[in-house]
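Undergrad: Chains as they are written, first to last, in this note's numbering: chain W, 1 to 426; chain L, 1 to 323.
Simulated from the structure, these hints should not be mistaken for lab results.
These numbers come from a predicted model, not from an experiment.
It is possible that some hints are incorrect.
[Claimed, not checked] Calculated pairs, SDA-like style, for lysine to any residue (alpha carbon to alpha carbon, straight line, at most 25 Å):
(1) L:101 - W:285
(2) L:101 - W:393
(3) W:316 - L:89
(4) L:27 - W:392
(5) L:190 - W:197
(6) L:101 - W:197
(7) L:101 - W:392
(8) L:27 - W:197
(9) W:316 - W:349
(10) L:96 - W:297
(11) W:316 - L:190
(12) L:101 - W:325
(13) L:96 - W:317
(14) L:190 - W:200
(15) L:101 - W:274
Each chain is listed here by its residues.
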Amino acid sequence: MSGFYRLSGGRILDPSCGRDEVGDLFVAGGRFVDPVSLPAETSWEWIDASGRIVTPGLIDAHVHLREPGEPQKETIASGTRAAAAGGFTAVVAMPNTRPPADQPNTIGWIRERAREQGVVRVYPTGCLSEGRKGEKLAPLASLRAAGVVALTDDGGCIQDAGLMRRVMEYAAMLDLPILEHCEESSVSAGGVVHEGYWSAVLGLRGWPSLAEELIVSRDILLAELTGARLHCQHLSSAGSVRLVREAKRRGVRVTAEVTPHHLALTDEALADYDTNFKMNPPLGSEADREALREGIVDGTIDFIASDHAPHCSFEKEVEFDRAPFGIVGLETMLAVAAETLVKMKLLDWPGLVARLSTIPARVLGVPGGTLAAGAPADLAVIDPNLQWTVNPQAFLSRSRNTPFAGWEVQGRVMLTMVEGKIVWRL
Amino acid sequence: MASENPEQIPGGRWRRRHLLGLQELEKEEILFLLDAADGIARRLEAGRELPSLRGLTAVNLFIEPSTRTRVSFELAAKRLGASVLEIDQESSSIRKGETLKDTARNLEAMGADFLVLRHSAAGAPHFLADRVRSSVINAGDGAHEHPTQGLLDLLTIRRRLGRIDGVRVAIVGDILHSRVARSDIWGLRKLGAEVTLVGPRTLLPEVFRRFGVRLSSDLDPILPWAQVMILLRIQHERQREGMFPSLGEYVSLYGLSDARLRRCPPEILLMHPGPVERGVEIESELADGPSSVILDQVTSGVAVRMAVFSELARFHRRDREGM
Numbered sequence: 001m002s003g004f005y006r007l008s009g010g011r012i013l014d015p016s017c018g019r020d021e022v023g024d025l026f027v028a029g030g031r032f033v034d035p036v037s038l039p040a041e042t043s044w045e046w047i048d049a050s051g052r053i054v055t056p057g058l059i060d061a062h063v064h065l066r067e068p069g070e071p072q073k074e075t076i077a078s079g080t081r082a083a084a085a086g087g088f089t090a091v092v093a094m095p096n097t098r099p100p101a102d103q104p105n106t107i108g109w110i111r112e113r114a115r116e117q118g119v120v121r122v123y124p125t126g127c128l129s130e131g132r133k134g135e136k137l138a139p140l141a142s143l144r145a146a147g148v149v150a151l152t153d154d155g156g157c158i159q160d161a162g163l164m165r166r167v168m169e170y171a172a173m174l175d176l177p178i179l180e181h182c183e184e185s186s187v188s189a190g191g192v193v194h195e196g197y198w199s200a201v202l203g204l205r206g207w208p209s210l211a212e213e214l215i216v217s218r219d220i221l222l223a224e225l226t227g228a229r230l231h232c233q234h235l236s237s238a239g240s241v242r243l244v245r246e247a248k249r250r251g252v253r254v255t256a257e258v259t260p261h262h263l264a265l266t267d268e269a270l271a272d273y274d275t276n277f278k279m280n281p282p283l284g285s286e287a288d289r290e291a292l293r294e295g296i297v298d299g300t301i302d303f304i305a306s307d308h309a310p311h312c313s314f315e316k317e318v319e320f321d322r323a324p325f326g327i328v329g330l331e332t333m334l335a336v337a338a339e340t341l342v343k344m345k346l347l348d349w350p351g352l353v354a355r356l357s358t359i360p361a362r363v364l365g366v367p368g369g370t371l372a373a374g375a376p377a378d379l380a381v382i383d384p385n386l387q388w389t390v391n392p393q394a395f396l397s398r399s400r401n402t403p404f405a406g407w408e409v410q411g412r413v414m415l416t417m418v419e420g421k422i423v424w425r426l
Numbered sequence: 001m002a003s004e005n006p007e008q009i010p011g012g013r014w015r016r017r018h019l020l021g022l023q024e025l026e027k028e029e030i031l032f033l034l035d036a037a038d039g040i041a042r043r044l045e046a047g048r049e050l051p052s053l054r055g056l057t058a059v060n061l062f063i064e065p066s067t068r069t070r071v072s073f074e075l076a077a078k079r080l081g082a083s084v085l086e087i088d089q090e091s092s093s094i095r096k097g098e099t100l101k102d103t104a105r106n107l108e109a110m111g112a113d114f115l116v117l118r119h120s121a122a123g124a125p126h127f128l129a130d131r132v133r134s135s136v137i138n139a140g141d142g143a144h145e146h147p148t149q150g151l152l153d154l155l156t157i158r159r160r161l162g163r164i165d166g167v168r169v170a171i172v173g174d175i176l177h178s179r180v181a182r183s184d185i186w187g188l189r190k191l192g193a194e195v196t197l198v199g200p201r202t203l204l205p206e207v208f209r210r211f212g213v214r215l216s217s218d219l220d221p222i223l224p225w226a227q228v229m230i231l232l233r234i235q236h237e238r239q240r241e242g243m244f245p246s247l248g249e250y251v252s253l254y255g256l257s258d259a260r261l262r263r264c265p266p267e268i269l270l271m272h273p274g275p276v277e278r279g280v281e282i283e284s285e286l287a288d289g290p291s292s293v294i295l296d297q298v299t300s301g302v303a304v305r306m307a308v309f310s311e312l313a314r315f316h317r318r319d320r321e322g323m
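Same shape as in the complex, but just chain W:
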């Protein structure tokens, strides 16, 4: 059972109310509490947080837990433990499982499994189209009734604009956000890396930014028409940032996310054909990376999400063309984001924490992202100065496919608490 905790002497950051002060934070009965509301003789278990940052539990809006169907890559048990180690108290699970999460009973199974085996909150999403085939509407209202927080065909994208219009109308009626993997597949056409200088040098088939930008534009127009809540996943191109910025200025209901790897890396990293740098959308050019950083700083891009996509080593250890897309990210996200944004003085800690907790909670309409008294005690304690080396062998995830192996990074999650229960401690 959760106890009575006093996290003392930490820098308390709560972006939900702009709080930023050194002090003590109290947890009792699984909730944040104001100690004056409890008897004076209450005995607290002290957790020394001096020199550390105490934040709302981080929320990752884009995670592939691979269950049901691919437990060799990840399970709800292993994926949520990796999440806890990364400071996350909630993850949004993508529906490209086997079977795809396009039926209420699959959602029920995931929720049940998460209750039994998960250590952080798991918010399931449901498919937009049956079987993620992009042909026929999935039972969206039933999926909502089963408890999904959003709808997405992630990993794929509905190509038919007519169908997408109906999907948006229906989702608008249900007031569920649509998480869109933006890829026009006749344009990406088998591309494996960003189309540009490096695809030309390496002789790898290019995935043009245009493939993303066409769907971002299409969906912005459709969202404008239908009033749907459009959320563009993992933006990768400067053009997409510009499109989202213009749409927001016009008042369209659109939000966007970016991954740590698109903020940290460029396609130059592909020079050795290392498949741990192969993901979809692919790493862009230096200009793309600059625009993404600008976008996350100025709020065009709302938050950061990992697109944690575990794959077995034997699947990744093949010719570049044959390797699956995707990399793990839960256990490196905070440090890579801090290296890329805070260390380079693009964001301060409150700004980063907001983009990892309060803002994704608000966009998705899920609880969390706050330290307010009365709210469930989901929190992370971060040592912003701790230097460490990324070692994939030490991951709690079942998979090791990270591009950040061997990186010297600064900033580490020391403790994670979900509803007053410690789920990770370094």
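Starting from the known structure of chain W, arrange chain L on it as the hints suggest.
TA: Positioned in the frame of chain W, the structure of chain L alone reads:
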């Protein structure tokens, strides 16, 4: 054993275990290989003794079909006395689902000193080079590189014109999908040639300018300029992919006809990596005409591959002496 190979300088200028591409080579390394190949070509012509690779084994691992390159490597290895094992996609276990990594490690365990790899996936030789002790020689990986083809093109030009520096070379055709074009571009640019790439916009993206070359979608103005013209094979599947409307239209824009040849300088060298599709990239008679050096390329290819084997052999002699 080193005494059998007097031309080999221990600790000489060649220090790489693998030959993966020309992009990563320094100008001096390319010149070193060209000089070595030239030396071997002269020895072959004079019937003089060649370096010996007796006791070493080369495996030709051709996961993508090829005749010319495979035979050229085989001939090069055999002329030097190495044992050659031929494995193609049909006879390899890759068809049975074995991974490339496992195939290569098995071959290595059987004592292969050289793995000559032809593969449809760009980067496959790099993948192997990170995982085996054998010397990996890239015999063409997807649209990436074909370094021995690049070297033999350089050798052919140098033997004909006496230099590469300042030579004006046009490369014509499907640049986007061509590993030959990439190896040629790196080699030619590092050695100071001027290069113009010619092809339709669909097969010649603007980004190639960043290779230090000029681009033209029009062949005709390039004709009087070029001293060397490398014609690339055009694959019919590109038409199906919508890269150009018809073979007829392609030929009218980029095929080398007699009329076009007459607008080239009289001493122009016509090159083609083969196999030539007569009547498409080049009119049939021109491929056999006095300007064509296509068969010189084939001859240079054997010398280049012998030189590459000889230079990489150093690592394997040392490995054995260390045992």
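Undergrad: So if I understand the rule, the pair passes when the alpha-carbon distance is 25 Å or less; does residue 101 of chain L with residue 325 of chain W pass?
TA: Holds: residue 101 of chain L and residue 325 of chain W sit about 19 Å apart, inside 25 Å.
Undergrad: Going straight from one Cα to the other, do residue 96 of chain L and residue 297 of chain W come out at no more than 25 Å?
TA: With Cα atoms ~51 Å apart, residue 96 of chain L and residue 297 of chain W exceed 25 Å; violated.
Undergrad: Within a Cα-Cα threshold of 25 Å, do residue 101 of chain L and residue 197 of chain W meet the stated pairing?
TA: Violated: residue 101 of chain L and residue 197 of chain W sit about 28 Å apart, past 25 Å.
Undergrad: Would you mind confirming whether the straight-line C-alpha gap from residue 27 of chain L to residue 197 of chain W stays at or under 25 Å?
TA: With a Cα-Cα distance of about 22 Å, the restraint between residue 27 of chain L and residue 197 of chain W holds, given a limit of 25 Å.
Undergrad: When you check the alpha-carbon spacing of residue 190 of chain L and residue 197 of chain W, does it fall within 25 Å?
TA: Since the Cα atoms of residue 190 of chain L and residue 197 of chain W sit roughly 18 Å apart, the hinted pair holds (cutoff 25 Å).
Undergrad: Given the hinted pair residue 101 of chain L and residue 274 of chain W, is their alpha-carbon gap at most 25 Å?
TA: Cα-Cα ~14 Å, so holds.
Undergrad: Holds or violated: residue 101 of chain L and residue 392 of chain W, Cα atoms, limit 25 Å.
TA: Satisfied, since the Cα-Cα distance of roughly 21 Å is no more than 25 Å.
Undergrad: So if I understand the rule, the pair passes when the alpha-carbon distance is 25 Å or less; does residue 190 of chain L with residue 200 of chain W pass?
TA: 18 Å, holds
Undergrad: Measure nothing beyond the straight line between the CA atoms of residue 316 of chain W and residue 349 of chain W; if it is 25 Å or shorter, mark the hint as holding.
TA: Violated, at about 35 Å.
Undergrad: Straight-line Cα separation of residue 101 of chain L and residue 285 of chain W no greater than 25 Å?
TA: Answer violated: residue 101 of chain L to residue 285 of chain W is near 31 Å, above 25 Å.
Undergrad: Check whether the Cα positions of residue 316 of chain W and residue 89 of chain L lie no farther apart than 25 Å.
TA: Holds, at roughly 22 Å.
Undergrad: Regarding the pair residue 27 of chain L and residue 392 of chain W, is the alpha-carbon distance no greater than 25 Å?
TA: 38 Å, violated
When held up to the earlier numbered hints, the structure conflicts with 1, 4, 6, 9, 10, 11 and fits the remainder.
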